[in-house]
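> Here is what each chain is made of, one letter per residue.
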Amino acid sequence: MNIVVDMIIWVAYLVSLYFSVFLILVYVDYKDLFKKEMSETSIPLEPFISVIIPAYNEEKNIRKTIDSALSLDYPSDKIEIIVVNHGSTDNTGKIIESYGTRVRALYLTRTSTDRKATAMNKALKIAGGDFFACLDADSFVHPLTLRKMLALYYKENDPELAIVTPAMKVAEPKNLLQKVQWLEYLVIILIARVTSRMDSLYVAPGPFSLYRTEIIRKLGGFDEQNITEDQEIAYRIQLHHYKIKHCFDGYVYTTAPDEMKAFYLQRRRWYLGSIMCLYQYKSLVANKRYGDFGMMQMTKSTVGFILSVVGVLIVAYLLLLPFFTELKNLFLVHFNILPYLMNYEFKITFLNFLQADFRKGFIILFLFTIGAYLFQQAHRNANEKMTRFGIIPLIPYFAYYYLIKSIILLLSMIEFSRGKKVRW
Amino acid sequence: MVSADVRGGEKPSFRKISKDKYVIAGIITFLIFFLGLTLGFILEDHRYSLIEEVNNEQEVKYLSLQLQYLYLNSFSNDNNCAVLSTTLKETIKDLSESLSKVVSYEEEKKISEKRKEIVMRRYIIDNLRYWLLAEQSREKCHLNIVPIIYFYATDCPSCPNQGTILSYYKKIFGDKVLVFPINLDLREGEPMIEIVMSQYNVTKYPTIVVDNTKYEGVVDKEEMNSIICTSLRDSPECLSK
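Sequence order for the protein chains is R and X.
For the first sequence, the positions run 798 to 1221 when this note's numbering is used.
For the second sequence, the positions run 87 to 327 when this note's numbering is used.
Since the hints were derived computationally from the structure, they do not count as laboratory data.
Some hints here could point you the wrong way.
[What the hints assert, rightly or not] Calculated pairs, SDA-like style, for lysine to any residue (alpha carbon to alpha carbon, straight line, at most 20 Å):
{"id": "1", "chain 1": "X", "residue 1": "Lys202", "chain 2": "R", "residue 2": "Ile800"}
{"id": "2", "chain 1": "X", "residue 1": "Lys107", "chain 2": "R", "residue 2": "Val825"}
{"id": "3", "chain 1": "R", "residue 1": "Lys1097", "chain 2": "X", "residue 2": "Arg319"}
{"id": "4", "chain 1": "X", "residue 1": "Lys307", "chain 2": "R", "residue 2": "Leu1135"}
{"id": "5", "chain 1": "X", "residue 1": "Lys262", "chain 2": "X", "residue 2": "Lys200"}
{"id": "6", "chain 1": "X", "residue 1": "Lys307", "chain 2": "R", "residue 2": "Ile1134"}
{"id": "7", "chain 1": "X", "residue 1": "Lys105", "chain 2": "R", "residue 2": "Ser993"}
{"id": "8", "chain 1": "X", "residue 1": "Lys107", "chain 2": "R", "residue 2": "Lys1202"}
{"id": "9", "chain 1": "X", "residue 1": "Lys256", "chain 2": "X", "residue 2": "Asp297"}
{"id": "10", "chain 1": "X", "residue 1": "Lys105", "chain 2": "R", "residue 2": "Arg1086"}
{"id": "11", "chain 1": "X", "residue 1": "Lys257", "chain 2": "R", "residue 2": "Tyr1137"}
{"id": "12", "chain 1": "X", "residue 1": "Lys262", "chain 2": "X", "residue 2": "Lys202"}
{"id": "13", "chain 1": "X", "residue 1": "Lys107", "chain 2": "R", "residue 2": "Lys833"}
{"id": "14", "chain 1": "X", "residue 1": "Lys200", "chain 2": "X", "residue 2": "Asp131"}
{"id": "15", "chain 1": "X", "residue 1": "Lys179", "chain 2": "X", "residue 2": "Asp131"}
{"id": "16", "chain 1": "X", "residue 1": "Lys257", "chain 2": "X", "residue 2": "Lys202"}
{"id": "17", "chain 1": "R", "residue 1": "Lys1202", "chain 2": "R", "residue 2": "Ser993"}
Working from the sequences, and respecting the hints, build out all of it.
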């Protein structure tokens, strides 16, 4: 094998191993605490809350979303539901009207440059809540989640705590793609819980993150230029040394894409947004003033992007090269594969076994063990069974789901570098 | 662009750096790395002793074969030809199977240079003496086999193509086609290579020698078929074409 490729693979393995080991160390440190930790549902005060639901052509889901906000366990005179009809051309408007005075409807016309952040900022101007939550129109919040999040605000008792993020689960996964995402989201919940302990959260998910209104207003609201405003606001909060905490059992259910194209588009937006945010906030990378967030999280995110891309390229190299060699060989024998099939011998000897690269294999084994351990712990953390949807979703999850994600990431990076050239 | 921290001032107290964890994670990572390396070395040693074992086995088989040949020669008894033929084919099959694996290690640079040279040289010597024995037995016992010497080198881009075609016919004809690959990279270290090369006046590679006829450059599928079929007598694989 090419020595350069070999070196790159070594570095990639060791760096991945380092970050995985670090994550496990932090997790093990808090494991006992996590076991005992319980979210309160009783709170000393019931502040006024605004729930903002931005909607653009959401006639399919909007009713369920509004209903879930209305059934939140909270006194109805202490909560307002602001539904923003952001220039919908379908029946969304009519559905909102049908709720009468139970919701505050806000009608906006939509221009081509408008994003969700535009709607959020307009709603933020009229919102009366001390805290406000954003609830995407494809998501449904658990009735107790608001109380649990507020309880966390009171428990932390820190005026600098600006965002409490929810634990997101996939709503009613039906097909394989959704079930695989269900598994992924559970792992994200555990990682967010660990990351929250290090004050290193870098995303405030669109479905029901609870913001302290005063701080968000002071920082100028959401960035209307950014395609992932929920990441940008989190980075901005971190930049100004405000805090973000994760409510590990404040559940929100979100509709995951059920087919590859929608999945690809969603992920591409996320990853492109992540790359842009990371680029925008690059001064925080390895910045000591930002503690673990700067030194570990930002570095990890940056290196993570590079590692994913390197990973895809290595897999491509390792798969495509033999593929082309085989193709050339078949061409030489005029694609007559009959003799090969008829005299096919499958023998595994001890010598075959010894041929494997044990040095790298050992590291891969460790990485896989760490991944499997986190996976198992994540299920325990979210009170879910690993085989809730059978064994089948586990196969793509462990075999190639992350490879697909990395490929989308690679495409997003290409997009990003091309976009930058255009702007320059 | 990113605006500066609105609040400025010193680093807030909640911004901690878990230095101890950074260091411990680094130590654990390197421990795993070195454990993997050590394991790799131990297994490499094991692998080498396994190769030695294969070589010794090969040696005994060769001695037996040589003795059989000598025996046949001394008593001119053709009745034992069948045994010789079977042993020859089996041994050569073993040789190509076990030692080609050994060769693939060298290609991936998994054993040291010194060991590599010894194993490779050994492989070439084995191939040459089996080829000689095959040619002699073929004449003596009228065996229906085609011994092919295949000269190649590592820095030759078209050699893998010849290799593919040879192994294709090996698949079709099985034991009847005996390929003896000679890697010319080692001709500095092994004088036998030079001797065979000068006998057939081999100047370029890939070159194959069948029935004392030299074919230079890549012999393609059709040509190879006719070469083999001219040499073989009444092979069903040839008649069906």
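> Between Lys257(X) and Tyr1137(R), is the straight-line Cα distance small enough, at 20 Å or below?
holds, 6 Å
> With a cut-off of 20 Å on the C-alpha distance, tell me whether Lys256(X) and Asp297(X) pass.
holds, 17 Å
> Are Lys262(X) and Lys202(X) close enough, with their CA atoms no more than 20 Å apart?
Violated, because 30 Å separates the two Cα atoms, which is more than 20 Å.
> Given the hinted pair Lys179(X) and Asp131(X), is their alpha-carbon gap at most 20 Å?
violated, 26 Å
> Could you grab the alpha-carbon distance between Lys200(X) and Asp131(X) and see if it respects the 20 Å cut-off?
Given that 20 Å is the threshold and the Cα spacing comes to 14 Å, the pair holds.
> Does Lys202(X) lie within 20 Å of Lys257(X) when you go C-alpha to C-alpha?
violated, 28 Å
> Are the Cα atoms of Lys107(X) and Val825(R) separated by 20 Å or less?
Roughly 11 Å separates the two Cα atoms, so the pair holds.
> Take the C-alpha atoms of Lys107(X) and Lys833(R), compute the straight-line distance between them, and say whether it is at most 20 Å.
Violated - the C-alpha atoms of Lys833(R) and Lys107(X) are around 23 Å apart, more than 20 Å.
> Please verify whether Lys105(X) and Arg1086(R) have alpha carbons no more than 20 Å apart.
Holds, at about 14 Å.
> Quick one, are Lys307(X) and Leu1135(R) close enough, alpha carbons at most 20 Å?
Status holds; Cα separation ~14 Å.
> Hinted pair, alpha-carbon criterion (20 Å max): Lys107(X), Lys1202(R). Please report holds or violated.
Roughly 29 Å between the alpha carbons, so the hint for Lys107(X) and Lys1202(R) is violated.
> Tell me if the straight-line CA distance from Lys1097(R) to Arg319(X) falls inside 20 Å.
With Cα atoms ~69 Å apart, Lys1097(R) and Arg319(X) exceed 20 Å; violated.
Violation of the numbered hints given earlier is confined to hints 3, 5, 8, 12, 13, 15, 16 and 17; the remaining hints are satisfied by the structure.
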